[in-house]
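Undergrad: Residue numbers (the working numbering), protein chains in the order written: chain C, 1 to 896; chain L, 897 to 1792.
Incorrect hints may have been included.
Stretch by stretch, here's where chain C covers chain L in the computed footprint (C-beta under 8 Å, at least three residues) [what the hints assert, rightly or not]:
#1 1175–1185
#2 1558–1569
#3 1609–1621
#4 1705–1718
What the hints contain is simulated information worked out from the structure, not anything from laboratory work. We put the CB at the ideal spot given by N, CA and C, even for glycine.
Number of protein chains: 2
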Amino acid sequence: MAKKMVKKLKKRVKKYVYFFGNGKAQGTGKMKDLLGGKGAGLAEMTNLKIPVPAGFTITTEACNEYFKNNKKYPPGMWEQVLENLKKVEKAMGMKFGDEEKPLLVSVRSGAKFSMPGMMDTVLNLGLNETTIKAFIKKTGNERFVYDAYRRFITMFGSIVMGINRQLFEKALEHMKEKKGVQLDTDLTSDDLKELVKEFKSIYKSETGTDFPENSFEQLRLAINAVFGSWFGDRAIKYRRLHSIPDDLGTACNVQSMVFGNMGENSGTGVGFTRDPATGEKRFFAECLINAQGEDVVAGIRTPLRIEELAKRFPDAYQELNRIYKKLEKHYKDMLDIEFTVQEGKLYMLQTRVGKRTAAAALKIAIDMVKEKLIDKKTAIMRIDPEQLEQLLHPTIDPKSKSLVVAKGLPASPGAAVGRVVFTADDAEQWAARGEKVILVRPETSPEDIGGMHAAQGILTARGGMTSHAAVVARGMGKCCVAGCGAININEEGKYFVVDTNIVKEGDYITLNGTTGEVILGKVDLIQPELTGEFGIFMKWVDEYRKIGVWTNADTQMDARVAREFGAEGIGLCRTEHMFFEPDRIKAVREMILADDTIGRKKALEKILPMQKGDFINIFTEMKGLPVTIRLLDPPLHEFLPQTDEELKFLSEDMKVPFEKLKARNNTLREFNPMLGHRGCRLGITYPEIYEMQVQAIMEAACELTKQKIKVIPEIMIPLVGHVNELKMMRQMVIKVADEVLKKYGIKVHYTIGTMIEVARAAITADQIATEAEFFSFGTNDLTQTTYGLSRDDAGRFLPYYVEKKILEDDPFITLDQDGVGMLMKIAVEKGRKIKKNLKIGICGEHGGEPRSVEFCHRIGLNYVSCSPYRIPIARLAGAQAVLKEKMKKDLSKSTV
Amino acid sequence: MAKKMVKKLKKRVKKYVYFFGNGKAQGTGKMKDLLGGKGAGLAEMTNLKIPVPAGFTITTEACNEYFKNNKKYPPGMWEQVLENLKKVEKAMGMKFGDEEKPLLVSVRSGAKFSMPGMMDTVLNLGLNETTIKAFIKKTGNERFVYDAYRRFITMFGSIVMGINRQLFEKALEHMKEKKGVQLDTDLTSDDLKELVKEFKSIYKSETGTDFPENSFEQLRLAINAVFGSWFGDRAIKYRRLHSIPDDLGTACNVQSMVFGNMGENSGTGVGFTRDPATGEKRFFAECLINAQGEDVVAGIRTPLRIEELAKRFPDAYQELNRIYKKLEKHYKDMLDIEFTVQEGKLYMLQTRVGKRTAAAALKIAIDMVKEKLIDKKTAIMRIDPEQLEQLLHPTIDPKSKSLVVAKGLPASPGAAVGRVVFTADDAEQWAARGEKVILVRPETSPEDIGGMHAAQGILTARGGMTSHAAVVARGMGKCCVAGCGAININEEGKYFVVDTNIVKEGDYITLNGTTGEVILGKVDLIQPELTGEFGIFMKWVDEYRKIGVWTNADTQMDARVAREFGAEGIGLCRTEHMFFEPDRIKAVREMILADDTIGRKKALEKILPMQKGDFINIFTEMKGLPVTIRLLDPPLHEFLPQTDEELKFLSEDMKVPFEKLKARNNTLREFNPMLGHRGCRLGITYPEIYEMQVQAIMEAACELTKQKIKVIPEIMIPLVGHVNELKMMRQMVIKVADEVLKKYGIKVHYTIGTMIEVARAAITADQIATEAEFFSFGTNDLTQTTYGLSRDDAGRFLPYYVEKKILEDDPFITLDQDGVGMLMKIAVEKGRKIKKNLKIGICGEHGGEPRSVEFCHRIGLNYVSCSPYRIPIARLAGAQAVLKEKMKKDLSKSTV
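With the hints as constraints, model all of the structure from the sequences given.
TA: See the structure below:
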């Protein structure tokens, strides 16, 4: 009975409020879930005996129960607030709402993650007609107090009650006009008194209630506002964007005020323990004299550099120096801090891990290892793999001014400046004469590849993150803004219209592929520097990484870039892009238009030496590393132009009757080309195509082997759904390869494998493994077919799905682990059941996405293959996967 | 050592030859694998003490080893042949190649399954210049012997050596001309002697060798020819078509000759133990007097009815009567027999289970149960489910003459006669005035549904077995010949050209949907009779069947037909076809063209009462049985016309600017509509569409419930890939349904479930089951997405795949058990892990295919749903599945 009672009582008195002050806090820095980042930081600093104004944190749990409970506080919470307020009063020797020594507090939101859209700080809470009198008495400065009062009403009115801040600002302006003064500081105490009255009447007319005189009422409303801001539109949107769950809730911090605006011996500032832009090891802080926090944020006055501070407040500066070092040593990370000096005495108001640029993150991590603050593993875990990309591309100089006229999808990161051209041919011609160009197209097709290569960046009006332009540009590491619907392209007129601007051929524009911005004119770029730190860091990464990192590369240039980034092989060399080279496309079309095998073979003979040359170049570049070559994959109609006009032109060019071209085009047209006559289905029905390709591969391999250059060709059959398809293609490959080897009279080791890119291949992987030396997951197509989702068409509903959280993530960006991933797992298990050492990789775009790389590591893939510019990201993600796995194991050990 | 030796010896003397004769055989009737069907039958008859001329069978194993061994006999085989030949000689009191009592033999192929393309019989083998002399002496009939000799040379030359038979025929004709006679029988002994000489010279000039005088050499060559015919083109093709493995091999039967052509007291005949056309219980045989087997086959002379035989050979007839009854009793089935009477004495030459029509099969099975020859289970196993279909459709009267001018795909069985029309509208108009019409279209689209309904049959020039025309026609039980490339349609001119014929609008044609034949003019049809036997049989079937058989039905008429065939519910009621009704399509298009939700809702309100009416009709028809209604599935662009011309017409009709229509059409166009904005993706992005449909369903249900008519609505959400899609749709359905129920103030039990038609749904079935009361496998789409295979486009390679045995079967016809089936199995297991009693069905076309039905039974589905005309097939397949399972269980018990 008694036990039950206690339990019941305990339940009733659940702890919702955590006190900090007097060098002791009930919370700790580890309690971010419960106290939010800010609350945990305040508790930790307090426990470190760092001077922090006393206060308390209302937990995130209270916030969640508030919402569950139809916006009522959970039982006991308010009582605990009052209780802890008493403790604060005691610590500060003041009393909330008191007529003599009134305690003023700040109220701040504070979730686990810092989030825009959460409630701003309300300062000076507790002021009312009663307390200001005492406050005036205490400070002896009526003007200061009324200034604080009018600021409080503004903050409370706008932030807590949602009144348009402009109304207060206008009244202030009006007052200044009336008084004939320029600056706020020129208003007298009486002017401010009058203004307070006016502010209160604004408050009343806007809210229908009087401005709350009762301090506790003020506090209650402020706490409600903090809680309420958790479900504000901006906060929700931010959480959607960053995959933050709704049920984290926000904490609320109530802290006794200290004043940076109590005269010239007071001030308030912010700082970073190291340079957040470069990572340089130097204290980096700024301070405003005689100011409150909001002034710093507003950025109206220019703050003092930290060096000045040392001169003005030598004691406080010394203390600050001591404290930031102590904090950094304690947190073992670069920190972002906020402080206030009240009449010469330093108070710390916040500390948290500081945001930093990718370059800074890298430098800080490496420096801290050198300083023995952290170990290599921690350094590796500190860098967000996605952030690395920033280091590999040109970026827009933040100091330069830019006129953003439109925003498309950030399809491929980096920045580019160039003159606008509207066709791939123009791009190549202009580039050939040394011009930097931006290729602007409604959308791109494989025929534009040459122009894309030649351009600095690509801008398209249509298409999504996985459109042709986006995929190819990412592969090339080239800046691309895709699906920018705001631009209206007139191809014939060679201009585009955006908003009220006409951009003509030859005009300069700048693209920011990281943000999707389109900027008029030339903007300065900062070129990436793969400094020593980058190299050191990547070496560390590779010490831990187990999964291989290969690349998707179709050209010698791709291959070269990839090797520079550390590729350990080519996991996907698409051969179709080679077919689009201007000198080949004609022969390819001849092949397509041929009436029979003999005609096709004749045309293929023309392509053979060119394709062989491609392979020689790529093999040479990748000397000694495996090169996985996928035989022709796309349906043949992709190689023919689609419009009548283009067909007519082609008809004249090829001297083939237009009707024949048109008829062939119609025959080849497909309802669902994604599910059509492509991949090995081509190889099976037109064996001569694949035979030519295998011959080219093996002849290239033989010629290099003769020159003592090591080659490891891996021949990959696409779109296999049934083992018999692979069996047939395998026999064909062996037949052709053996003929070539015999002709050259040498031996070259080659392997034959397959893409796993339809569910059936995954499900029957045990059968398929009997004919394969390796598997490579083509997760782009596997995602499309597993979901029954065409990425070309998904634009009409997929963004909505992600927005409405029907899908957590876009499955074309982050691997769908439950569905597609499960099929991969099944395929790995079934495949390795038959061949224990079956080599398995992934060559979809997921191969360069950190969470997907981690998944691939977990299910035991041998390698991921990604576009060259994603290689460092994949390497880091691979290393982090190992470390996370270890951490998880250690954790489960320690809890057992 | 000794043991090894014996083993080695045993291996050397492996038994390749099985003797039969003198009332005792080494083989039995069960050894079909080894002895082939014919050899097993001869052995069995011998053992039954039935008079069979002595002989021996060379095993299929010998044939296989012959091919493995580079066309050499396996060691010992020839020796065993010689050994057994001795036994035959002994049994017959004659000697092979002997100068006095020469033994003649027949040589026949005989595989496990009777197969066209295998070698024909060679009779009279053993004749040569030596033996004919003895033979003449023995028979005293020189003319007879020379006639036999010239026949033997013809058979040996053409069948064994592959000489063009025409050469022999011409020589014979020439001889007759020379001798001035009309009939073969008018040639004298000398004429025949001369002919033999001539035949031998033809033989020499064609083969380069002399006609073999040595009887053993003749035998060796004949055996080689039998073996060789196993890999003849026709045999290979037949095996491909009927999924018979290549490694079965053929046996070879060598049997002593008896002669039906030894005068008027000899004869040869064939018979069936019951009427193979009707199943009537009467002996059905024909006999040729004084003839050899080849004369019967040639069909030159009209054979005698069995009644005549009784008069001519009363003793032999009595014996034959006794034997056929004994055989039927022994084999417990209707048999096909061959016999010869030599000088009054009866010999049996072959027995096997007789081929029969579907009607006969049914009658025989039922009669034999009544006669207690077999039990019901056996009767059920005796009927091939596919055969049943013959009983449900009109067929072409085999007695009528028909001019087949083209052959398309047998897309939907049955036969139809009617006048040709070229548009769906014409079909409806002509039919409305009482004309029977055949709708001829390049291909059909959903807009043609009305015309298809009105027509007797459908003929299309394009499209495969799963094209729109084929699928819809099968659903309607309507005859359809699809993809008939030989017809060239001129739509404007309203005629089609085939070969040299022009068929104009209004001309009669006849279609045979069972064979794919297109016939000029009217041909007599036999209407199906679902006689009493059919009803009895289906009742037996249902006694054993466990899996439910539901139907796919979109209209009241479909539902009525389906109930007549025994449907236990509707497993798939597609709602999109309802949208195409002429009075609705306009409102549907208004909905599609609406700019916002309000506009769409306004248009949907017009559709609501019509759709509600549809459901009332269907519910009423299915009173008391569940009706599974799938909410709208196809992408919206399917409801807009596609050509500019049609759009212009629509623009005028709807008073919507052409440009707007065109623009909307372009916006809706998809690269891969199969993987596009359809299914629940529509319901999620345009909730008002599904809301209207649910409202219509529930209002219909409420109104009937008020009238005390029981309704069981099951609402099915299509194309779910992620549980959240279903969750959202489920909430929508419940909301709308509850509103309707509240409005009517009554309760109607309804369920909500989902199609499983993409791999992701199958793989995550445990998650999806949490939101579903039932699953229904949409195996058409599941097959398409699992294989990554668009059935609209597969025509370019899928037939080749099946032909080349890359795929055993067309996966759109027979369920791919390894791939798609494995996913189904996973989904059933995962789904039932969460909900033990989750109802699971299948509504793809596989639901009516026997092997697929068996699979569905095996993995524990609750029901299959198929088009109305497939219901009896599915019922039978369901019962057979139970019996097969039991047989397998019994077998494994008996072997344990």
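Undergrad: Each hint should be assessed against the structure and marked as holding or not.
TA: Hints and how they fare:
| no. | hint | result |
| --- | --- | --- |
| 1 | 1175–1185 | violated (count 0) |
| 2 | 1558–1569 | holds (count 4) |
| 3 | 1609–1621 | holds (count 5) |
| 4 | 1705–1718 | holds (count 5) |
In this structure, the one hint that does not hold is number 1.
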